[in-house]
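Using the sequences and the accompanying hints, generate a full structural model.
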Amino acid sequence: KNQVEQSPQSLIILEGKNCTLQCNYTVSPFSNLRWYKQDTGRGPVSLTIMTFSENTKSNGRYTATLDADTKQSSLHITASQLSDSASYICVVTNSNSGYALNFGKGTSLLVTP
Amino acid sequence: GAGVSQSPSNKVTEKGKDVELRCDPISGHTALYWYRQRLGQGLEFLIYFQGNSAPDKSGLPSDRFSAERTGESVSTLTIQRTQQEDSAVYLCASSYLPSGRSEQYFGPGTRLTVT
Chain A
6 KNQVEQSPQS LIILEGKNCT LQCNYTVSPF SNLRWYKQDT GRGPVSLTIM
56 TFSENTKSNG RYTATLDADT KQSSLHITAS QLSDSASYIC VVTNSNSGYA
106 LNFGKGTSLL VTP
Chain B
59 GAGVSQSPSN KVTEKGKDVE LRCDPISGHT ALYWYRQRLG QGLEFLIYFQ
109 GNSAPDKSGL PSDRFSAERT GESVSTLTIQ RTQQEDSAVY LCASSYLPSG
159 RSEQYFGPGT RLTVT
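Note that the protein sequences, when read in sequence, are chains A and B.
Numbering-wise, this note's numbering puts 111 at position 106 of the first sequence, and it's gapless, one number per residue.
Numbering-wise, this note's numbering puts 156 at position 98 of the second sequence, and it's gapless, one number per residue.
Source of the hints: derived by calculation from the structure; they are not laboratory data.
It is possible that part of the hints are untrue.
[As the list claims (entries may be wrong)] Once the Cα atoms are required to be at most 27 Å apart in a straight line, the calculated DSS-like pairs of lysine-lysine come out as:
| no. | chain 1 | residue 1 | chain 2 | residue 2 |
| --- | --- | --- | --- | --- |
| 1 | B | K69 | A | K110 |
| 2 | A | K62 | A | K76 |
| 3 | B | K115 | B | K73 |
| 4 | B | K115 | A | K110 |
| 5 | A | K62 | A | K110 |
| 6 | A | K22 | A | K110 |
[What the hints assert, rightly or not] Reference excerpt, derived from the structure (chain B facing chain A, CB under 8 Å, subset only):
| no. | residue |
| --- | --- |
| 7 | T71 |
| 8 | G100 |
| 9 | P166 |
Idealized CB from N, CA, C, for every residue including glycine.
Shown next as structure tokens:
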């Protein structure tokens, strides 16, 4: 069973609207959680990284939250733009294995005019 | 500076043929990773190189898959006797330190199609 589950699988929103993507994980012990943006035909690019003690982190219009107690994270996108259309991937690192990352399947976001 | 580069960007091959995929990491990055991304699936870890240590090959799906890295530079992923289920995007990433402690930077990937 995948240790990182993302929802929704896909999402369509109008340009200018906000949206929130969810990530639930069972990875333990927890080291850090990253959100990546992957444009079509490109490699993933890191948006945010959070450790156990961090509850929220922003990167421009992207704000990630982390609840380490419930093992949940969210990525909120404000005032969406057409260029936000991409796959958003949640990645959780196990602190016992510093290099092995646990990837979610991603949420495919389409922003329409 | 230059990011991680991969070649070729696309590769179409016939079932049973061997293929070689190349990754040029960011200069100075000691760690290099290969991943496979099947359509609609998350990234699967394949293999990890760290400096001169023995690589972690625990993610390789079969003995048809192998990878090499010369020092802290170029890496090649070889798939022998390709099968249709090998069709996927193969992503390479590098990091200055093991990824638990530093960011991984991904290349654009090689899209492999086995016909």
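Do the hints match the structure? See the list:
A hinted pair counts as satisfied when its Cα atoms are at most 27 Å apart, and K69/B with K110/A qualifies at roughly 24 Å. Proximity of K62/A to K76/A is assessed by CA-CA distance (about 16 Å); at most 27 Å being required, the pair is judged to hold. Taking the CA atoms of K115/B and K73/B, the gap is about 24 Å. The hint holds against a cut of 27 Å. Taken as a hint, the K115/B and K110/A pair is honoured in the structure, with Cα atoms around 22 Å apart against an allowance of 27 Å.
A hinted pair counts as satisfied when its Cα atoms are at most 27 Å apart, and K62/A with K110/A qualifies at roughly 22 Å. Taking the CA atoms of K22/A and K110/A, the gap is about 24 Å. The hint holds against a cut of 27 Å. Interface hint at T71/B: violated, since its Cβ lies 19 Å from the closest Cβ of chain A, which is beyond the 8 Å cut-off. With its C-beta approaching chain A no nearer than about 4 Å, G100/B sits inside the 8 Å limit, and its interface hint holds.
Taking 8 Å as the C-beta cut-off, the interface hint given for P166/B holds, the closest approach to chain A being about 5 Å.
Checked against the numbered hints above, the structure breaks only hint 7 and satisfies the rest.
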